[in-house]
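Protein chains in written order, with our numbering: chain F, 1 to 351; chain G, 1 to 252; chain A, 1 to 74.
Treat each hint with caution, since some may be false.
Said to hold, decoys possible - Simulated crosslink set (DSBU-like; lysine-lysine; CA at most 30 Å straight-line):
id : chain 1 : residue 1 : chain 2 : residue 2
1  : F       : 325       : F       : 236
2  : F       : 127       : F       : 236
3  : G       : 196       : A       : 3
4  : F       : 202       : G       : 189
5  : G       : 189       : A       : 71
6  : A       : 26        : G       : 196
7  : G       : 10        : F       : 263
Unchecked claim - Selected chain G positions facing chain A (in silico; Cβ < 10 Å):
id : residue
8  : 20
9  : 191
10 : 192
Everything labelled a hint here was simulated from the structure, so no lab data went into it.
Ideal Cβ positions, reconstructed from N, Cα and C, are used throughout, including at glycine.
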Amino acid sequence: MAKRVLMRGNEVIAEAAIRAGCQCYFAYPITPQAELLEHMARNMPRLGRTFVQAESEVAAISMVYGASAAGVRTMTSSSSPGISLKMEGISYLAGSSLPAVIVNVVRGGPGLGNIAPAQCDYFQATKGGGHGDYHMIVLAPSTVPEAGELTMLAFELADQYRTPVMILADGMLGQMMEPVLLPDPVDPAALPAKPWAATGAKGREPNIILSFDLDPEGLRRMNLELQARYRTIREKEVRHEETETEDAEIVIAAHGTVARIAKSVVRMARAEGIRLGLFRPITVWPFPYEPLRALSSRVETVLTVEMSAGQMWEDVRLAVAERAKTPFYGELGGVVPTPKGILREVKRHVG
Amino acid sequence: MSVSVERMVKVFEKPRSLTGAHSTYCPGCHHGILTRIIGQTIDDLGIVERTVGIAPVGCAVFAYRWYRCDALQAAHGRASAVATGVKRARPDLVVFAYQGDGDFASIGTAESIHAANRGENITVIFVNNQVYGMTGGEMAPTTLVGQKTTTTPDGRDPALFGYPIRFSEMIAQLEAPVYVTRQALFDTKRIQEATKAIRKAFTNQVERKGYSLVEVLATCPTNWHMKPVEANRHVAEVVTKVFPLGDLVNRG
Amino acid sequence: MPKGTVLVDEERCKGCGLCIAACPQKVLGFSGRLNRSGYDVACMERPESCLGCAFCALTCPDVAIEVYREKVAS
Numbered sequence: 001m002a003k004r005v006l007m008r009g010n011e012v013i014a015e016a017a018i019r020a021g022c023q024c025y026f027a028y029p030i031t032p033q034a035e036l037l038e039h040m041a042r043n044m045p046r047l048g049r050t051f052v053q054a055e056s057e058v059a060a061i062s063m064v065y066g067a068s069a070a071g072v073r074t075m076t077s078s079s080s081p082g083i084s085l086k087m088e089g090i091s092y093l094a095g096s097s098l099p100a101v102i103v104n105v106v107r108g109g110p111g112l113g114n115i116a117p118a119q120c121d122y123f124q125a126t127k128g129g130g131h132g133d134y135h136m137i138v139l140a141p142s143t144v145p146e147a148g149e150l151t152m153l154a155f156e157l158a159d160q161y162r163t164p165v166m167i168l169a170d171g172m173l174g175q176m177m178e179p180v181l182l183p184d185p186v187d188p189a190a191l192p193a194k195p196w197a198a199t200g201a202k203g204r205e206p207n208i209i210l211s212f213d214l215d216p217e218g219l220r221r222m223n224l225e226l227q228a229r230y231r232t233i234r235e236k237e238v239r240h241e242e243t244e245t246e247d248a249e250i251v252i253a254a255h256g257t258v259a260r261i262a263k264s265v266v267r268m269a270r271a272e273g274i275r276l277g278l279f280r281p282i283t284v285w286p287f288p289y290e291p292l293r294a295l296s297s298r299v300e301t302v303l304t305v306e307m308s309a310g311q312m313w314e315d316v317r318l319a320v321a322e323r324a325k326t327p328f329y330g331e332l333g334g335v336v337p338t339p340k341g342i343l344r345e346v347k348r349h350v351g
Numbered sequence: 001m002s003v004s005v006e007r008m009v010k011v012f013e014k015p016r017s018l019t020g021a022h023s024t025y026c027p028g029c030h031h032g033i034l035t036r037i038i039g040q041t042i043d044d045l046g047i048v049e050r051t052v053g054i055a056p057v058g059c060a061v062f063a064y065r066w067y068r069c070d071a072l073q074a075a076h077g078r079a080s081a082v083a084t085g086v087k088r089a090r091p092d093l094v095v096f097a098y099q100g101d102g103d104f105a106s107i108g109t110a111e112s113i114h115a116a117n118r119g120e121n122i123t124v125i126f127v128n129n130q131v132y133g134m135t136g137g138e139m140a141p142t143t144l145v146g147q148k149t150t151t152t153p154d155g156r157d158p159a160l161f162g163y164p165i166r167f168s169e170m171i172a173q174l175e176a177p178v179y180v181t182r183q184a185l186f187d188t189k190r191i192q193e194a195t196k197a198i199r200k201a202f203t204n205q206v207e208r209k210g211y212s213l214v215e216v217l218a219t220c221p222t223n224w225h226m227k228p229v230e231a232n233r234h235v236a237e238v239v240t241k242v243f244p245l246g247d248l249v250n251r252g
Numbered sequence: 001m002p003k004g005t006v007l008v009d010e011e012r013c014k015g016c017g018l019c020i021a022a023c024p025q026k027v028l029g030f031s032g033r034l035n036r037s038g039y040d041v042a043c044m045e046r047p048e049s050c051l052g053c054a055f056c057a058l059t060c061p062d063v064a065i066e067v068y069r070e071k072v073a074s
């Protein structure tokens, strides 16, 4: 029976993972996602599930690799510098066709940065980060309830496509509290079996999990198969949301926390007679190029707003090309743009 | 005294748990002997249907080819962490990590120590031949002082690169491990002792006793630039003086 | 004393010589025959001395040796 609870973003992601049937959770503490670990540490053992505080983020992603290969739903979480450490492991997961959920509660960078919210890991999440030709599905929630919904979705997509899936959150989303309707839990034992998994070769040929083929022809085949899967994901799993774009002259393109702030800006601008809309990618990989391309033919300006030096901005420019103007407004270092600050930028670009 | 012979019986053949694929190891390499011993152990314990092996990066990267059980190939150094993930997900599986001296004792140092420290109920086989074979013969953390490798062409100088690391001794002083032993394969007696040790390391897991580590002093004839018989003698006479054989921990 | 014999799988043998050195009866030696991989394969030079102790098979890294022993009835 679903009930409304006031919860912090980090906790909602953890609780949603538990309700999605996450059997094993491995992570290393890092601000600003400590509450995620703490929620898992309190709740996983009493459900008979696994919580391990690993010795590093590197070890944690390797434990995820093992648990995933053994056919269970598994997750790790970290923040920017810890996600950098996981990149080799993520490449291995992708190359081995293993499902897993990885949560990045993004903080200011580069380097040690700070613990304030940021969106400067977009390139790392969507354009690689790890080595080789691979992608992760990347989901960018903008509210606490959506963080829970997208976490449930992440486990389903990971299993369906046998691919790592990232929840791209940020320090503000991780820390803020909102009322959430928690979904009904999934019973891990009721999940479909994974015949490819390393569960013990009883009554079947051994299953070998690897991402390795010394023969270039063999590795090429494996890569082509991955690329075909990514094409399918691009066709079927794009998600985005548009707010008041039907008659817009200018739209903001933003994801995550910034999109949430931008919704206020849309209201403020409309009250002053500016026909402002919002285009919000929910999947930043696969990026909603097609809907944005279509929208950009109808508007003068697509203003990208991010907590970065301009990362999603590149995908916006790819989608929009010459159809509209594509200015950028970004804040760096964990500084969060204010509604007034964004509105000021909107006004600069209107007629 | 005359005897009447009934018939010849086969007294030694390939273990059933081995696939029989022709090995990619060099002539005389002890990886092959160790692989056979592990296969024999899996046969004797009747566990092939619930065993999962974790292959490292190194000469044993193809380890998944030799056994008839499920297997994973792990990122370099991470086999002990990957084994942790498999075992925590499915505790009824018998999980073994097979790692060389780079995988276990260099890049994998943290994962090796912490799997042991958590007392993961797994079996770890650490193959110590004091050199990096697969990548062409570089120094390992276990390389002997004065030993020439491609990255210590004038011999390992402790002033520059320290001393060979006795990893099993480090693991042995942790509270959790139940069995930590160093074995070798340079003659029949050693092979028989090592077989008992491997058997114990797997039995400990089956009986849910905790973490077992078997360090095996092995040869690398190719990168030691020795013939196999000479390489065996090198282990017997030189290597065992730096890495003493025997049980360091044997609880239960 | 019971007699024994060994069978060397010549295509698996890598001519490493460990079996030759392991045999307490000095039964084995290099045959001078090269297999498809170019290795000089081991063979029984003094088969009459074989006891079927299997020391050779225990040390063979390529599991190339099978060992047979006579069953003795008095």
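We went through each hint and held it up to the structure:
1. F:325 with F:236: holds, 29 Å
2. F:127 with F:236: Holds, because 19 Å separates the two Cα atoms, which is no more than 30 Å.
3. G:196 with A:3: holds, 27 Å
4. F:202 with G:189: With Cα atoms ~35 Å apart, residue 202 of chain F and residue 189 of chain G exceed 30 Å; violated.
5. G:189 with A:71: holds, 25 Å
6. A:26 with G:196: holds, 27 Å
7. G:10 with F:263: violated, 80 Å
8. 20: Holds, about 8 Å.
9. 191: holds, 5 Å
10. 192: holds, 7 Å
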